[in-house]
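**Q** Use these hints to put chain E onto chain U, whose structure you have.
Single-letter residue listing:
Number of protein chains: 2
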Amino acid sequence: MDERAIAILGSGLIGESWAGLFAGHGYEVRCWDIDPSVATRAVLGATKIASAIAGPARQAGRITSADDLSAALEDASWVQENIVERVPEKQSLYRQVLELAGPDLLIASSTSSLTWTDLTTGLAGPDRVLTAHPFNPPHLMPLVEIYAASTHAAQRADQFYRHLDREPVFLNRPAVGHIANRLSSALWREAVNIVAEGIADVEAVDCALVNGPGLRWSVIGAHMAYHLGGGEGGIRHYLEHLGPSQERRWADLGSPALTPEVVDKLIEGIEAEADGRSVQELVSERDDAIERILKALKQPMIE
Amino acid sequence: MDERAIAILGSGLIGESWAGLFAGHGYEVRCWDIDPSVATRAVLGATKIASAIAGPARQAGRITSADDLSAALEDASWVQENIVERVPEKQSLYRQVLELAGPDLLIASSTSSLTWTDLTTGLAGPDRVLTAHPFNPPHLMPLVEIYAASTHAAQRADQFYRHLDREPVFLNRPAVGHIANRLSSALWREAVNIVAEGIADVEAVDCALVNGPGLRWSVIGAHMAYHLGGGEGGIRHYLEHLGPSQERRWADLGSPALTPEVVDKLIEGIEAEADGRSVQELVSERDDAIERILKALKQPMIE
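Residue numbers (the UniProt record's numbering), protein chains in the order written: chain U, 1 to 303; chain E, 1 to 303.
Excised from the complex, chain U in its bound form (with noise of 0.2 angstroms):
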């Protein structure tokens, strides 16, 4: 373990999540919230996760609420900061913790709207703030998209979230969105779009995905996808041969707009699809059916 304790910063669900993940490979973390409540109840969510990751083989970290910031700081070389999404909150959290603390600590924002730059615009000391966006949930998903100005924090980061058997991924500037969200939008947008056109039904999309492009993206990405679906020639073969009716497929994709008809097809279409199941529900059987996959990739296969 290179860091030393984590302050985690805003202990809503993400929050929780992270201190769960830390704690579970040993970490010592405090949890801090504007809310001290919200502190005392990520604590009790966190150590039920922990203990799950560390196992019967492993001690986990012992997770604390700290009633003030330089108790949640103390000793700590890594914040996980995720209050709410808003420059102004974020830059007069990030002055004080940057008088508060050691001169080697780190500030990674699990921001999912916000920019690097958004961040850092007028912060004396920018470096030492860097985004770090998991996907949710962050003790579950192995995804951190990361934008580090400088090389000393992206060395770090990458260090530090591989120990937690995370990947990170790193962006080389600051987008809107980072990488995942942008794609996700991309791919939602025509989602949206086939259903406001009428060709199939909103379960009928999600089908679509899950039992096809879904899965195959579960084991490898867009691009190499289509290396692979050059034939020997690969992604150069392809970009010869389909590129310009790639280009025509791309100009006959749709941009809906989110009208009130569209809303209510979406609307019913999940009620359809959910059939009853509370999102509570939905959201253990996700949970679920990742772990199993995750660890199904893990493992040596079984015959």
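Hints should not be assumed to be uniformly reliable.
Given that identical chains are not distinguished, each listed pair holds provided it fits within a single copy or across any two copies.
With a cut-off of at most 25 angstroms between alpha-carbon atoms, the simulated SDA-like pairs for lysine to any residue come out as follows [said to hold, decoys possible]:
no.	residue 1	residue 2
1	Lys48	Asp165
2	Lys298	Gly233
3	Lys265	Pro174
4	Lys265	Phe170
Because the hints were derived from the structure by calculation, they are not lab data. As the structure is a prediction and not an experimental result, all values here were calculated from the model.
**A** Structure of chain E alone, referenced to chain U:
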């Protein structure tokens, strides 16, 4: 089993994979191709696939090559057509088939780039033709996207593919790219844009997809993912609160052109990601991982 023998017309890689799947579930299969050596080779490949699918408990169906169409169609009630993607060739084949075959035979086309309307315009007996587009390789990937104009054909197709352990998904109307390739195409457009704009490298984009949204979409669809992203209020809450920001995100996505510079970046990026592995090695890795996942999702969770 509700169908009798199956005729594979067009016995390249897709036809061979279908033949293996059908015979693996006990069907007698005849492979025909305009090039008889292709049909002979398909019988060998499909026989291996079939015995792996049938396993020790079940008897695989017999797979033979047929020298002419009438031999391929003898006693057949189902055609899976996988010939070249050109309307005149396909329609000419369908005319011969419908003349030779009994009145209950249906022709399912694996066409990826053509629609049911393209295939049936001007054809006598359009109700006996349906599109049934698999995801490659068909013996492994569950998805079959179907458009059938008649309820009778749709019901038979549903029953037939379900018996083969596939997941049939029905379109309400024919569309270029059906569902899955429209979604893939939309996602890939943004994946290319991210590389073209210098936000991230090819390998980083693929790694983000596989460890984030791809993993999630192997379990739940894109619409359902936004439903769960809305918390207890589900997609209704999501659309009310974040609909406008989603529309702004859509507007921020790119429309890249496959210029020589972008093509070079993609090819270099894929070469870095493949890291010396051949297309054949990458395909084997992909298929092995997909088999593990499908197995893991079927079995009860073992702690």
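**Q** Against the structure, test the hints numbered earlier, and report the numbers of the ones violated in rising order.
**A** Result: hint 2 breaks, nothing else.
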